[in-house]
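There are 2 protein chains.
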Amino acid sequence: MSTIDWSSSEKKIAKQAFDAALKREYAALLDQLKYSAAKAENRDDIWDIHDYLTEQRKLIDQKYDYRYSQLMFVFGVLLRDKWLEEKDLAGLAEDKLEHIRSIAYF
Amino acid sequence: MSTIDWSSSEKKIAKQAFDAALKREYAALLDQLKYSAAKAENRDDIWDIHDYLTEQRKLIDQKYDYRYSQLMFVFGVLLRDKWLEEKDLAGLAEDKLEHIRSIAYF
Chain H
1234 MSTIDWSSSE KKIAKQAFDA ALKREYAALL DQLKYSAAKA ENRDDIWDIH
1284 DYLTEQRKLI DQKYDYRYSQ LMFVFGVLLR DKWLEEKDLA GLAEDKLEHI
1334 RSIAYF
Chain S
1234 MSTIDWSSSE KKIAKQAFDA ALKREYAALL DQLKYSAAKA ENRDDIWDIH
1284 DYLTEQRKLI DQKYDYRYSQ LMFVFGVLLR DKWLEEKDLA GLAEDKLEHI
1334 RSIAYF
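Protein sequence lines correspond, in order, to chains H and S.
Take the position in the first sequence, starting the count at 1, then add 1233; the result is the number in the numbering used here.
Take the position in the second sequence, starting the count at 1, then add 1233; the result is the number in the numbering used here.
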């Protein structure tokens, strides 16, 4: 069943998509950090940045789960949140893509 | 006993010194954050900044203890670490100052 089994070519596509999304998310987080730090003026701003990074660290750790059993859900969420585009997933079996879209556009 | 009792003028001096040290420490932390964020390039740099802020938050919370029973120790540490100068404490009773210096220059 292709929604459970991942062929070697699908594993390669999945790894590239996963890494691309993570890279985009870190680039956005880095931009946000630079922007927030540059305009920070006082202690509250410092701890707001700290709280934001704490939250993002937790979210990223939770979201980027590279177990094949979780990967369609992960991709669905990343597609929904625009860290992935459908073209990043081109080459996966159609039933996997349908499952991913159903999560993304639920 | 003047190392236990704080006169109202000493309380005023203590509060000003405490606030001045905290203000200097936050100004330094803000500068460090801005500098680190500006030169950050990747995810490791982001989490190094997060780890640094986590550590500083804990240290500042622990260090700035405004109970009169703790204040001479607090001032000793702040004097040792250059967040305070002796002139910030001018006006405290001499035995308090001696106690504070003994902690700072131990």
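Since the hints were derived computationally from the structure, they do not count as laboratory data.
Wrong hints could be hidden among the right ones.
To be verified - Computed list of lysine-lysine pairs in BS3-like fashion (alpha-carbon distance at most 27 Å, straight line):
hint, chain 1, residue 1, chain 2, residue 2
1, S, Lys1296, S, Lys1245
2, S, Lys1248, H, Lys1267
3, H, Lys1245, H, Lys1256
4, H, Lys1291, S, Lys1272
5, S, Lys1296, S, Lys1315
6, H, Lys1272, H, Lys1244
7, S, Lys1320, H, Lys1272
8, S, Lys1320, S, Lys1272
9, H, Lys1267, S, Lys1256
10, S, Lys1256, H, Lys1272
11, S, Lys1296, S, Lys1244
12, S, Lys1291, S, Lys1244
13, H, Lys1267, H, Lys1256
14, S, Lys1291, H, Lys1256
15, H, Lys1291, H, Lys1248
16, S, Lys1320, S, Lys1245
17, H, Lys1315, H, Lys1248
18, S, Lys1267, H, Lys1267
19, H, Lys1272, S, Lys1244
20, H, Lys1248, H, Lys1320
21, S, Lys1315, H, Lys1291
22, S, Lys1245, S, Lys1315
23, S, Lys1256, S, Lys1320
24, S, Lys1272, H, Lys1267
25, S, Lys1244, S, Lys1267
26, S, Lys1315, S, Lys1248
27, H, Lys1272, H, Lys1320
28, H, Lys1256, H, Lys1315
29, S, Lys1248, S, Lys1296
30, H, Lys1245, H, Lys1296
31, S, Lys1245, S, Lys1267
32, S, Lys1267, H, Lys1272
33, S, Lys1245, H, Lys1291
34, H, Lys1267, H, Lys1245
35, S, Lys1245, H, Lys1256
36, H, Lys1256, H, Lys1291
37, S, Lys1315, S, Lys1267
| query | Any hints this thing doesn't respect? Which numbers, in order? | reply | Violated hints (numbers, rising): 2, 6, 7, 8, 14, 19, 21, 25, 27, 31, 33, 34 and 35; every other hint is consistent with the structure.
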